[in-house]
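Colleague: Each chain, letter by letter, is given below.
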Amino acid sequence: MLLLQCPYCGVNAEETELAAGGEAHLKRATVGDSDEAFEGYLFMRENKKGVHLERWRHAYGCGKWFLAARDTATLEVFGTYPAQTTEPPADVTENIRAKYPDWSWKETA
Amino acid sequence: MSNAVSALNGKTATGPVTVQELGLTGMVTLRGDFEDEGFAAAVTQLTGLQIPDVRQFQTDGVKTVLWMSPDELLVVLPYTEVNAFVTAMNDALAGSHYLVANVSDARAIFSVSGEFATEVLGKNAPVDFEASQFVAGMVRRSRVGQVAAAYWKLDDGSFRVVCFRSVAEYVFGLIATSATAGPVGVY
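Keeping their order, the protein sequence lines are chains A and B.
For the first sequence, our numbering assigns the number 1 to the initial residue and increments by one for each residue that follows.
For the second sequence, our numbering assigns the number 1 to the initial residue and increments by one for each residue that follows.
In isolation and in its complexed conformation, chain A is listed as follows (with noise of 0.2 Å):
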């Protein structure tokens, strides 16, 4: 069973109230971008095992979107943060790290 806290209502939502969406810190491609870009945009996602930045939505509870640190494999969560976000904040990393000290996020690496 996965536990998220949601990070608006403070609530361990288990994962029955949640409605996943996919990945998290998505750019959106925009007017005057390539092909390769808007494609990149729509359909080039990760599919990683191991640790997942992911938009997660409280649908049954508070009802808003937040953004949650996982591990694909072992469901280990490190943490939850708004999404209003563009990029994991440092709490998170810290936590991910104490785990996987070489793991780095596509948009640092």
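It is worth saying that the hints were derived from the structure and are not from the lab.
Take the hints with a grain of salt, since some may be wrong.
[What the hints assert, rightly or not] Some chain A residues judged to face chain B by a derived CB distance under 7 Å, without partners named: (1) GLN5; (2) TYR8; (3) CYS9; (4) GLY61; (5) GLY63.
[Unchecked claim] DSBU-like mimics (lysine-lysine), calculated; alpha carbons at most 30 Å apart, straight line: (6) B:LYS123 / B:LYS63; (7) A:LYS49 / A:LYS99; (8) A:LYS106 / A:LYS64; (9) A:LYS64 / B:LYS11; (10) A:LYS64 / A:LYS48; (11) A:LYS64 / B:LYS63.
[To be verified] Partner residues are not named here, just some residues of chain B that face chain A (Cβ under 8 Å, in silico): (12) VAL54; (13) ARG55; (14) SER69; (15) PRO70; (16) PRO126; (17) ARG141; (18) SER142; (19) ARG143; (20) ALA148.
Just so it is clear, CB atoms sit at the ideal spot from N, CA and C, and this is done for glycine as well.
Model the placement of chain B on the given structure of chain A, informed by the hints.
Modeller: For chain B alone, coordinates are given in the frame of chain A:
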């Protein structure tokens, strides 16, 4: 004018845990910026209650203001006062970014009370109802069985449950059946 009727018209299942549909009850969804002084002032002025803290509610016995999300409140008040309240709220908030919706006839509200009311709800929701965790004055939005619902705990230990009107029969049946089945001894 048409005759307003609540979802289950006050249907009641009595027993050690009594489940009762509360009949016509005024419910108003309020959305806005809680940090905004105008919004907070309007809520306080028209309900006589402060905006509740996260997952809490405020009540004076007649009106109740419930925290539903970081930008949403549910005001529960007598059915006859709803239209006046909505009009007054619209006047008070005019010009700001807000939403006031009368959802009285789109929701059903239940009372669940009795010695093991906590267990009855606990059977149907992924929520920790342990007395030290779910204290009186707290509100939780989650689900009952398969449908969305919100519940809050009153000082006397009984609960109020709110769900969509269209699933009122399901929620009533589920809770009433769970009550008949007896306690499980978890809480």
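Colleague: Determine for every hint whether it applies to the structure shown.
Modeller: Status of each hint after checking the structure:
1. GLN5: 13 Å, violated
2. TYR8: At 5 Å from the nearest chain B Cβ, TYR8 (chain A) passes the 7 Å test, so the hint holds.
3. CYS9: Since the shortest Cβ distance to chain B is 6 Å, the answer is holds.
4. GLY61: 5 Å, holds
5. GLY63: This hint holds: GLY63 (chain A) lies near chain B, its Cβ roughly 6 Å from the closest one there, short of 7 Å.
6. B:LYS123 / B:LYS63: 29 Å, holds
7. A:LYS49 / A:LYS99: Distance of about 15 Å is within 30 Å: holds.
8. A:LYS106 / A:LYS64: Cα-Cα ~26 Å, so holds.
9. A:LYS64 / B:LYS11: Violated. LYS64 (chain A) to LYS11 (chain B) sits at ~34 Å, over the 30 Å cutoff.
10. A:LYS64 / A:LYS48: Holds, because 25 Å separates the two Cα atoms, which is no more than 30 Å.
11. A:LYS64 / B:LYS63: Judged against 30 Å, a Cα distance of about 26 Å means the pair holds.
12. VAL54: Interface hint status for VAL54 (chain B): holds (6 Å vs cutoff 8 Å).
13. ARG55: Holds, about 6 Å.
14. SER69: Holds. Min distance 4 Å.
15. PRO70: 5 Å, holds
16. PRO126: 5 Å, holds
17. ARG141: Constraint on ARG141 (chain B) satisfied, holds at 5 Å.
18. SER142: Cβ of SER142 (chain B) sits 5 Å from chain A, so the hint holds.
19. ARG143: Holds, because the Cβ-Cβ distance from ARG143 (chain B) to chain A comes to roughly 5 Å (cut-off 8 Å).
20. ALA148: 5 Å, holds
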